[in-house]
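> Sequence:
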Amino acid sequence: MAQADDVRTAVLDAAKAAFRARGYVGTTVKGVAAAAGVAPDVVKSYYANKDSLFAAAMKLPFDPASAVPALLAPGLDGMGERLVRATLDMLSDEESREDLLALFTAGRSASKAAGSLTAFLEHSVIDKVVGSLGVPDARMRVALVSSYLVGIAATRYVLRTEPLASASEEQVVRMVAPMIQDLLDPSKPLKGYKPPKKS
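Position one of the sequence shown corresponds to residue 1 (my numbering), numbered consecutively onward.
By construction, these hints were calculated from the structure, which means they are not laboratory data.
Every residue gets a Cβ at the ideal spot worked out from N, C-alpha and C, and that includes glycine.
Hints should not be assumed to be uniformly reliable.
[Stated by the list, open to error] Mimicking BS3-like on lysine-lysine, the simulated pairs with C-alpha atoms at most 30 Å apart in a straight line are:
no., residue 1, residue 2
1, Lys-128, Lys-188
2, Lys-16, Lys-30
3, Lys-128, Lys-197
4, Lys-128, Lys-44
5, Lys-44, Lys-16
6, Lys-194, Lys-128
7, Lys-59, Lys-16
8, Lys-44, Lys-59
9, Lys-44, Lys-30
10, Lys-30, Lys-59
11, Lys-128, Lys-16
12, Lys-128, Lys-30
13, Lys-59, Lys-128
14, Lys-191, Lys-128
[What the hints assert, rightly or not] Taking CB as the label site, the calculated pair distances span:
no., residue 1, residue 2, range
15, Gly-151, Lys-197, 26 to 34 Å
16, Ala-34, Gln-171, 41 to 49 Å
17, Met-179, Ser-45, 39 to 47 Å
18, Gly-37, Met-179, 43 to 51 Å
Based on the provided sequences and hints, a complete structural model is requested.
Below, the structure is given as structure tokens:
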């Protein structure tokens with residue numbers, strides 16, 4: 001049992017270092033396994049995919065595999081609120097927040113950290129949500145939703161810009177959720193956006 005715990009710790013340490021150095025997109029399960037000195041199958045025996053590995057390495061309080069179906073189950077109505085709450089919940093645990101903030105405040109890696117969090121949210125959560133809703137201009141909507149959510153998180157928890165930093169979670173949800181909801185609603189076109197013509 002102790003040996004298994006040591007292996008898991010080595011995998012998580014290697015994953016955290018990889019995500020810090022190479023970002024979410026540039027990190028692979030194979031690379032993490034090599035850095036931890038184990039076979040890729042060993043990593044996969046603990047974590048089903050890179051999304052789960054990132055969530056565990058950053059101590060996020062949810063696993064995307066179960067979080068996304070829970071977000072989707074009630075349908076479009078209230079989806080914006082559920083996404084905002086999920087993002088705030090991800091940062092509500094002090095230990096998780098400290099790990100993520102350490103990435104943001106690590107000097108030159110700050111942009112990589114923001115990119116990692118954005119890529120994780122897009123790939124593991126928002127892409128799947130938007131894909132299930134069948135919205136037009138899906139890629140632009142995914143980019144807008146993820147940048148909005150990461151921007152709110154960074155402004156509130158990293159930059160601590162007032163009065164957003166001191167606002168209650170309920171206030172943030174009430175202010176931000178309607179905008180996210182509009183971006184997720186297939187009946188509401190993106191004003192001012194014209195998709196590039198395919199060549």
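> Are the hints correct? Go through all of them and say.
Hint by hint, here is what the structure shows:
no.	hint	verdict
1	Lys-128 with Lys-188	19 Å, holds
2	Lys-16 with Lys-30	14 Å, holds
3	Lys-128 with Lys-197	25 Å, holds
4	Lys-128 with Lys-44	22 Å, holds
5	Lys-44 with Lys-16	16 Å, holds
6	Lys-194 with Lys-128	23 Å, holds
7	Lys-59 with Lys-16	10 Å, holds
8	Lys-44 with Lys-59	17 Å, holds
9	Lys-44 with Lys-30	10 Å, holds
10	Lys-30 with Lys-59	20 Å, holds
11	Lys-128 with Lys-16	24 Å, holds
12	Lys-128 with Lys-30	24 Å, holds
13	Lys-59 with Lys-128	22 Å, holds
14	Lys-191 with Lys-128	23 Å, holds
15	Gly-151 with Lys-197: 26 to 34 Å	29 Å, holds
16	Ala-34 with Gln-171: 41 to 49 Å	46 Å, holds
17	Met-179 with Ser-45: 39 to 47 Å	41 Å, holds
18	Gly-37 with Met-179: 43 to 51 Å	46 Å, holds
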